[in-house]
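K.L.:
Start from the sequences, fold in the hints, and give me the full structure.
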Amino acid sequence: MPDITKHLQQQINDARNQGHKLAIVGGGSKQFMGREINAQQLDVGGHSGIVDYQPLELVLTVRAGTPLSEIEIALAEKNQMLSFEPPYFGDRSTIGGTLACNQSGPGRPWWNSVRDQVLGVNLINGKGEKLRFGGQVMKNVAGYDVSRTQAGAMGTLGVMTEISLKVLPRPAITMTLSREMEHSEAIRFMNARAAEPKPLSGACWLDGTLYLRLSGAHSAMEATAKHWDIPVMANGDTFWQQLRDQQLAFFAGEQPLWRFSINSTAATPPLKGPWLLDWAGSQRWYRGDNEMATMEAHAEKAGGQVSLYRGGDRTGEVMHHQQPALQAIQKRLKHSFDPDALFNPGRLYSWL
Amino acid sequence: MNTDSKPLNTAASKPGKTELAEMFRRFIDPQFVITDEETLKPYECDGLSMYCVMPLLVVLPETVEQVQQVMRLCHQFGISVVARGAGTGLSAGAMPDAGGVVLSLAKFNRILHIDPLARSARLQSGVRNLAISEAAADYGLYYGPDPSSQIACTIGGNVGENSGGVHCLKYGLTTHNILSVEMVTVDGERVVIGNDGLDSCSMDLLALITGSEGLLGIITEVQVKLLPTPEIARVIMAGFGTVDEAGAAVGGIIAQGIIPAGLEMMDSHAIIAVEAFTGAGYPVEAAALLLCEVDGTKEEVQEHIEKAEALFRDFGATSIRTSKDDAERALLWKGRKNAFPAMGRISPDYYCMDGTIPRAHLGQVLSEMQDMSKRFGLRVANVFHAGDGNLHPLILFDANKEGELERAEAFGSDILELCVKVGGCITGEHGVGVEKIRQMPMQFTDPEIEQLNAVKSAFDPQGTLNPGKGVPTLRNCQEYRAINAKPQAPEVQHA
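In order, the protein sequences belong to chains A and B. Residue 1477 in our numbering sits at position 40 of the first sequence, and the numbers go up by one each step. Residue 331 in our numbering sits at position 351 of the second sequence, and the numbers go up by one each step.
What the hints contain is simulated information worked out from the structure, not anything from laboratory work. Check the hints yourself; a few may be wrong.
Unchecked claim - Pairs of lysine-lysine residues, derived as DSSO-like cross-links and limited to a Cα-Cα distance of at most 27 angstroms, are as follows:
#1 B:K205 <-> A:K1738
#2 B:K381 <-> B:K354
#3 B:K401 <-> A:K1567
#4 B:K150 <-> B:K278
P.N.:
Here you go:
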């Protein structure tokens, strides 16, 4: 695939001159996230391909529109992986969208998030300038960490064109342990196991059942399973893949899906309806109708934040509100990257 | 923060030293508002003592409210503020601004809460790095990043510099190990960035603050993640006949799918100096030495140690020694941990550089560095966080000899330029500070510098937070590029 950076710059400059706004789209698989906006599509999906991959350096550089599947095939050949286990919402999910929406899978508490693994980005700002921040090395503190700041910004700070990431070896083996457990007991249990020096790489609770994943050397798996005395579950990998990609029955249907990112040990908010606990309790999913303000109060009580992840009213706010001083800073930051407010206006917040 | 906040008074009404001290003493214990020359003296520099400036005065507030009041006053009068933790930084990032205030967080030394089940700790920003792990040890937990100054450096400073340490290949940098910070903005607002969860809605401000060298706000509290202490850790020390063999062995370990907890390399100059200083039993005949620490469960460590030993032999290791217990592990690390003082023994002064390179270029970089060493007439020893490509060349010089300091600085600048040339960066973990501000235009273009300055303005429109550090002005960039373009290396004969 060709390098279309110049073409993207041209489209940005045109939008700037003609006064229209741009909706950045990679594979289009995460259109359901964020607020509804009305803007002309800027297609980054055509900016695809692996630029450089150095397995011995654990460093991968890809164009932002590269599909996750293409990246993971290349990494698998060298027995490596994207350790943040990016969710696939269909086969068109790209690495750029994954970073912009800060999406990481079940292994996130142990193997880091996409934001954590970012080493550098190339970005076109609202002035059409191509900028490079970070780099292709693990340690780099020159300049502010603009690369990781992109995580969760949903494209509001610019158009990412290239991303460098730290990749990791695939674990030799994974094993899933599973047993029945009551909701609040599961919260305590998952956290207690996570505090032990054992090769835990997943901890989830759903419908009265606890699921733990172990990864690493074979000998260590066996010893840990025995030590914890929890039965091994067959076909465990399928469960974690369906959890990652939101294909479990819990995620089906039209009910609004809320995501709580909270203290892993907090009591689950007293709301009627189904819950799914992931990340050893740090990430909790809830299905049901409710008011944003009510949900925010629950999230704050639990030490974190909430977002209306999928469904519901997408014309109102869908992200946890910001403290006024931080809101002011973010408005100024947005202005510093995108003075004409070209990129994804209102996608993240009505005021951004 | 008020978007259109402006200083209420003009420069004409800016208070003098005595007047300002008087204002501070109304809400800070008077003994902690320092104005006399003698007590101010220790604050004139940080760990990089070649850069010294006397501040107008130093304040040591004891509460967040006091920090807010200091910031409001300074904002009102357009007075600069430089935050300071333990002053162990190595890039003059905490060097005072002449005519400005140094805000020391030394009184913010309380561990507020440790939550063993949630594996987190809330700390005031002046808490020492090592004190966190010491306090968490009772629960079988520890704090990951372990910069070599960890006995003294503070968590607030670690956030400011995004500090790493010898274990960051596996356990990450500060940015990977914190959940939230409480920060006082330039105009005195108290904000919390992040929360008890693993991420926040919207752009990642926590990432932006981490490593921002005190240019965006004053950190008053930090919530860190704690990790379970591994069941066991063992270290292999392997000597090699050439640097290239040792470099290849590092790649070999990674290719095996092993991520060591620490993976350090030293060149022969460093090995000899360190062995003379510590007597840890390092192989002085080796051209390069690797320290490879593996941690985890007993089973996993056993498996990985066996693999790594075999692999080092295959890559031509001339000597291999593996720790049998924690005492021996500590002994093998002792040399590496004392590398800097060991240099102090063989040279009156040393200048520690901090570039990062893609590891594949290690051989080339070390060999070019030896050429430079001859050209500048100064010795250089190398210690290297080999796992993540972070190079610490130690340039040996004597500041009392005419021109040696300048030559050491020019030598250092050339090394950083070389790091950028091979695809690396000018600073892996020490920060830009004052020291490397002239090298920023080597790594960044003008529009990039302009964007970084715009980020700064979003937090600090008047530019009073730690001025003159981190990011150069565009005008200075042109000047630095012109200077850097001139030939710098004089032909000097070895003494």
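K.L.:
Each of the hints needs a verdict: does it hold here or not?
P.N.:
Results for each hint:
1. Annotation: proposed proximity of B:K205 to A:K1738 holds, straight-line Cα distance about 20 angstroms (limit 27 angstroms).
2. Our distance criterion of 27 angstroms between C-alpha atoms is met by B:K381 and B:K354, whose separation comes to about 17 angstroms.
3. As the CA atoms of B:K401 and A:K1567 are separated by approximately 20 angstroms, the hinted pair is consistent with the 27 angstroms bound.
4. A threshold of 27 angstroms between alpha carbons decides the hint, and for B:K150 with B:K278 the separation of about 17 angstroms falls inside it, so the pair holds.
The structure meets every hint from the earlier list without exception.
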